[in-house]
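2 protein chains.
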Amino acid sequence: MDDLQQYVETVGKTARAASQKLATLSGATKIAALQRIAAGIRARRQQLIDANAKDISAAQKAELAPALIERLKLNDKRIESMAIGVEQIAQQVDPVGQTIEGYVRPNGLRIEKRRVPLGVVLFFYESRPNVTSDAAALCIKSGNAVILRGGKEAFESNRAITRIIHEALTGVTALAGMSPVQLIESTDRALVPKLLKLDKYIDVAIPRGGESLIRAVVQDATMPVLKHFTGNCHIYIDRSAGSMQEQVRNVCVNAKTSYPGGAVCNAVEHILFHKDVAAELLPKVCKDLADKKVEVRGDERSLKYFPAAKAATADDWGTEYLAFIVGVKVVDSLDDAIAHINEFGSHHTDAILATDTTAIDQFVASVDSASVMVNASTRFADGGEYGLGAEIGISTDKLHARGPMGAADLTTYKWVVTGDGHTR
Amino acid sequence: MDDLQQYVETVGKTARAASQKLATLSGATKIAALQRIAAGIRARRQQLIDANAKDISAAQKAELAPALIERLKLNDKRIESMAIGVEQIAQQVDPVGQTIEGYVRPNGLRIEKRRVPLGVVLFFYESRPNVTSDAAALCIKSGNAVILRGGKEAFESNRAITRIIHEALTGVTALAGMSPVQLIESTDRALVPKLLKLDKYIDVAIPRGGESLIRAVVQDATMPVLKHFTGNCHIYIDRSAGSMQEQVRNVCVNAKTSYPGGAVCNAVEHILFHKDVAAELLPKVCKDLADKKVEVRGDERSLKYFPAAKAATADDWGTEYLAFIVGVKVVDSLDDAIAHINEFGSHHTDAILATDTTAIDQFVASVDSASVMVNASTRFADGGEYGLGAEIGISTDKLHARGPMGAADLTTYKWVVTGDGHTR
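Here the protein sequences line up with chains D and S, keeping their order.
Using our numbering, you'd call the opening residue of the first sequence number -13 and step up by one each time.
Using our numbering, you'd call the opening residue of the second sequence number -13 and step up by one each time.
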C-alpha cells in the first residue's frame, strides 16, 4: 500500500470511529462543542487573519480574478460572522432523534421513522473559508463526522480554522481521542480518486464547486454523491408584469448585483422578456443593469430595444457567468420561456415576475428547478433565507435533498418497529 | 450508432416525454388509469396464466431451485392479488403536490416545500411477476415514467403484464401517444450498461436483486442509484428475554419459515443468543426450527446446546441463505451482538427480543440498519406492513429512502418561494 493510500485509509477509519461516537452524543454536548468552536474563532482572530493573508498574497501572485480574491478574504467582520454562524447552528433544533412519522398499525405494531445521522460526509468545496466552519458545525450538529477537502487557494485559512476546531474539541470529554472534523492537509490531486473509493468508511460525497470538480467526483465515487453545481439562474418577465415595473427593475438589479462581483450561484444569469412587455421593460431593466456596470448581452430582438448591448452567441444561454454579465432574450410566450429554462438552465433557481395567477401556476408546475421564485429575487435561494440556518450548500440533485441543504438534510432515518412478540 | 444504442436512446426519450405529461396529470386521471389496469389484469387472467406457464416450463427445464419456481408461479389467487395491489395503490393519498412544509419568513416571503415526481425511474428486478404491476402502478401514482428490466426467468409473464398495462393506458386520453411504462423486451445483457449511461433521460436507477446485479448497476450508472440488496437479517435474544420464552420461539420460527422456502429478504438468517439464556432457549428454538425442516448451523458453543446442528464456518455469518438454513451463535454481551450485526449484517432488518428497556434502547440506537425490530418478527419489514401500501422495494441505502419504499419515496420536492417584489 503506498503512502497516499495509507493516508486516506487512516482518514477514513478515523472518521468512521468518530461517527459512531457522534451518533449517540447528547444534544447538550454538541451545543457545548459548537460554542467552544465559536469562542475559539473569536479568540484566534489574529491567527486567522495572518493565515488568510498568506492565501491572499498567493492568490494575488497567481493573478486570480478580483472577485475571487474578494471571496477569499477574511477580516474582523467576516470572522465575527463565522463565529455567529457556528453559534446559530448550535442553537438550532437538533435533527437527530426526531420522530419524522410515528403511528400504530391495526395489529398493534408501533412504527416510528426516526432521524439518525448519515455517518461520514466527504465534502469538497472551493474558495470561501467560512464554508469550513459552517460545514464542520453542520456536521457536528447532525451527528456526522466530516472529511473536508477545501480549495487550494484557501489552504492556509482552512488549516487555521480546522486547528481552532481541533483545539476546541479537545476540551469535549465525550470526544476524547476522536477526530470528528478532518481536513485533507495536502493539495495532491492524486488523493481525490483514492478518497472517493472509501465507500467502506464514507456514506456520502458532497462536491460543491465548478463543473470539472463535480464531474471528477461523480466519475470516481463509489459512494452516493450529492452534487452542488453552481447555478445558471433565470428571471422570466411575464406579459402580465407590465403593472409591476418598479418591482421588475428592483428584482432584476438585486438578483444580478447584490453579491459582490455577481460571483454567487443564486445570482441571475439570464433574463427572458415576454414580447408584449419587452418594448416597455427591456430597455429600463438593461439600463439599470448597465448603470451598475453589468455587461448586457442580448439576442437579436433585445438589441433592437437596447442597442448598447453586445450580441449574445449561442454559447451564452448555457453559461453561468459568475460575473457582472447578463444575457437578455425576448420570448414569444410563457411556454417558450419554460422550454428555454428547462433546456439551458441548471435546475438551480428560476424566477417568474407576473401578476397572472394562471401563468404563475404553470411556471411553478413546469419549471424543473430546485427553487422556483414568484415575484422575488433569485438571491433568496439560500439556507439562511429559507430558515434552515446555515447550509452545507445548494443541491442541484433530485434525490435525498434538493436546493438549500441544512443540518436535517445531513441525516437519514431508521424504522423502529415495536411489538410484543408479533409474528406475521 | 449501433442498433442497441438506438433502441435505448428511443426508450429514454420516450420515457422522458411521458414523464413530463405524467407530472401534471390530475389525481383523478391517475386513479382511473390504475383502475383500468386492475380491470385488465382480471380480464386477461387466462392470458397471464398461459404466458406464465411458458416461464415455468423454461424454469423447470433449466432446473431452477423449487423455491424460485414457486416464486415465479401465477395462479388465480396471485393474479387477483396483483389486481387488488394496483387498486390499493390507486386509492392511496396522491403524494404529488403535497406541501411537505410551508411557512412565512419574517420578511413576508412564503416558503413552501412541494412534492413533485422524480421524473424517470429505471427499475431492475428479478423473478416475481407481481413486481411488474406493483412497480408500474407505484410509478404512475407518483407521476413517474418507468423503464422496467425484469429477470429473464419471468420474461413471458412480464411481457403479458406490460401488454395489459399498455392496453389499459390506451384508453386514457391525457396519455395519448405516451408510454409511461416500458418493458425492456430483450434479455441481451449488453443493453444494461447502455441504459445506465442515459442520465440525460433517467433520474434514478433502482436495482432490486442479487449482489452481482447491484454491483454491475452501481459500477456503470451515471445517474443516482438506490440499492435494494437482499437482507442478511438477525435476531438477537437478550439476557432479559428469559421470561418471554413463548414469544421468542414464535418470533424465531415466524421470521425464518413464514415465507415459502425462506426465499425473502426479510427472513431471519442468523440468531444470536446471549450466553445467560442460551442454555434455556437455544435448544428449544433450534428444535422448533429443525422440526420445520430448517437446517441449523451453529458456532462451537451452540453445538454444545444443540448437538444436532452442523458446525458453522466463518463464511456463514456474512451469508444470506434465502433458504431454510439458519446460523446460530452464542454471544457474551449486548455489545458483542451489536458489533456482530454491524459487521456481518447487510443493514436491512435486525431484531432484538428483550424485556430490559435499557438494552432495547441501546440496540435501537446502535444497530445501523434500515429497520430495527423490537419484540417483533423481521418479516414485518415490508411497505404493506408499515402502511405505505405496495412497495417498489426495500432500500438498503441511506440516502433519499431507507427501508421499505412506497409511492412517496418516488418523489422529490421543489421549493416554491412567493413574494411581492422581494429583494435581498
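One or more of the hints may lead you astray.
The list treats identical chains as one, so a pair stands whether inside a single copy or across any two.
What the hints assert, rightly or not - Simulated pairs of lysine to aspartate or glutamate, EDC-like, Cα-Cα distance not exceeding 20 Å: (1) Lys(-1) with Glu329; (2) Lys(-1) with Asp301; (3) Lys99 with Glu49; (4) Lys213 with Asp185; (5) Lys279 with Glu306; (6) Lys296 with Asp277; (7) Lys7 with Asp354; (8) Lys59 with Glu87; (9) Lys186 with Asp354; (10) Lys7 with Asp80; (11) Lys180 with Asp206; (12) Lys270 with Glu286; (13) Lys138 with Glu87; (14) Lys99 with Glu87; (15) Lys186 with Asp206; (16) Lys296 with Asp285; (17) Lys40 with Asp368; (18) Lys63 with Glu98; (19) Lys183 with Asp206; (20) Lys186 with Asp(-11); (21) Lys7 with Asp322; (22) Lys99 with Asp354; (23) Lys99 with Glu73; (24) Lys7 with Glu112; (25) Lys290 with Asp318; (26) Lys270 with Glu56; (27) Lys261 with Glu232; (28) Lys99 with Asp347; (29) Lys279 with Asp174.
Rather than coming from a laboratory, the hints here were simulated on the basis of the structure.
Owing to the predicted nature of the structure, the values given are computational and were not obtained by experimental measurement.
Tested hints:
1. Lys(-1) with Glu329: So Lys(-1) and Glu329 pass the 20 Å test across copies only (14 Å; inside, 43 Å).
2. Lys(-1) with Asp301: neither (45 Å within a copy, 24 Å between copies)
3. Lys99 with Glu49: Result: close neither inside a copy nor across copies, 52 Å intra and 42 Å inter.
4. Lys213 with Asp185: Cα proximity of Lys213 and Asp185: in one copy and across copies (17 Å, 14 Å).
5. Lys279 with Glu306: Within one copy only: 18 Å inside a chain, 65 Å across chains, cut-off 20 Å.
6. Lys296 with Asp277: Within. Shortest intra-copy distance 15 Å satisfies the 20 Å Cα cut-off; inter-copy 85 Å does not.
7. Lys7 with Asp354: Classified as between; 13 Å across copies, 39 Å inside a copy.
8. Lys59 with Glu87: neither (44 Å within a copy, 36 Å between copies)
9. Lys186 with Asp354: Answer is between; shortest inter-copy Cα gap is 14 Å, intra-copy 34 Å.
10. Lys7 with Asp80: Within one copy only: 16 Å inside, 40 Å across.
11. Lys180 with Asp206: both (9 Å within a copy, 18 Å between copies)
12. Lys270 with Glu286: within (17 Å within a copy, 85 Å between copies)
13. Lys138 with Glu87: neither (43 Å within a copy, 38 Å between copies)
14. Lys99 with Glu87: both (5 Å within a copy, 17 Å between copies)
15. Lys186 with Asp206: Answer is both: 15 Å inside a copy and 19 Å across each meet the 20 Å cutoff.
16. Lys296 with Asp285: Intra 9 Å, inter 78 Å, cutoff 20 Å: intra-copy only.
17. Lys40 with Asp368: neither (30 Å within a copy, 57 Å between copies)
18. Lys63 with Glu98: This pair counts as neither: shortest intra-copy Cα distance 44 Å, inter-copy 32 Å.
19. Lys183 with Asp206: Close inside one copy (7 Å) and across copies (15 Å); limit 20 Å.
20. Lys186 with Asp(-11): Classified as within; 19 Å inside a copy, 38 Å across copies.
21. Lys7 with Asp322: For Lys7 and Asp322, the Cα distance is within 20 Å only across copies (17 Å; inside one copy 53 Å).
22. Lys99 with Asp354: between (29 Å within a copy, 14 Å between copies)
23. Lys99 with Glu73: neither (29 Å within a copy, 26 Å between copies)
24. Lys7 with Glu112: neither (29 Å within a copy, 39 Å between copies)
25. Lys290 with Asp318: Cα proximity of Lys290 and Asp318: one copy only (15 Å, versus 83 Å across).
26. Lys270 with Glu56: The answer is neither: 30 Å in one copy and 73 Å across copies each exceed 20 Å.
27. Lys261 with Glu232: within (19 Å within a copy, 77 Å between copies)
28. Lys99 with Asp347: between (33 Å within a copy, 15 Å between copies)
29. Lys279 with Asp174: Neither, since 39 Å and 58 Å both go past 20 Å.
Violated hints, in rising order: 2, 3, 8, 13, 17, 18, 23, 24, 26 and 29; the structure is consistent with all others.
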